[in-house]
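Once you know that position 79 of the sequence shown is 79 in the UniProt record's numbering, the rest is easy, because the numbers rise by one and skip nothing.
It should be emphasised that the hints constitute simulated quantities derived from the structure, not laboratory data. Some hints here could point you the wrong way.
Unchecked claim - Just the calculated beta-carbon pair ranges, DEER-fashion: (1) Phe131 <-> Leu111: 50 to 56 Å; (2) Ser79 <-> Cys160: 49 to 55 Å; (3) Thr144 <-> Leu81: 49 to 55 Å; (4) Leu99 <-> Glu124: 25 to 31 Å; (5) Glu148 <-> Ser79: 50 to 56 Å.
The model shown is predicted, which means the values in this text are computed figures rather than measured ones. For glycine and all other residues, C-beta sits at the position ideal for the given N, C-alpha and C.
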Amino acid sequence: MADSCFDSDSSDDFWNFAAGVARPGTSTAGNVDLSDIEVSSVHTSDLSDFSTGEFSDDNDDSYDSAAMEDVQDGDGWTSRLRDVTLNPFASSVGPQHDLEPSSSPLDFFFLLFNVTAFTDIAAEINRYAAFKQESVPDRRWTPTTPPEVKAFFGMQVHACLAMKN
């Protein structure tokens, strides 16, 4: 049996989504439009991003891709396809660090999470808490600190390692 949370086909919200599909027990006789979308609500100003001639049917013989302007937008996209040159990848791969093989796991951990990371995480936790305090105040809340965040991470790593053993 399918989970009702993910069974979108059984939802009444999708009836009449496709043309000619009617909810059981109803009729579309007499060309009654059961759609909740009003075509008249779309204004031509909403379509100002589209220019005429920008799109063409596959069967349109008058379409000339060479005549199309090669206009670039701010992100470097153009309306015309062209070849792309890919340079060969020549960089070294794998971990890039200067730790000795005899280094402790903690040394490797601090390659990923340095002092700045714990400071940034604490600042973001406090910023989010201040935002939430505006709508639902909690007098028990006190701002967190980087050492507290570091301790929390340590407890999480320890718990994960304990579960593996």
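Evaluation of the provided hints:
no.	hint	result
1	Phe131 <-> Leu111: 50 to 56 Å	31 Å, violated
2	Ser79 <-> Cys160: 49 to 55 Å	51 Å, holds
3	Thr144 <-> Leu81: 49 to 55 Å	51 Å, holds
4	Leu99 <-> Glu124: 25 to 31 Å	28 Å, holds
5	Glu148 <-> Ser79: 50 to 56 Å	53 Å, holds
Hint 1 from the list above is the single one not met by this structure.
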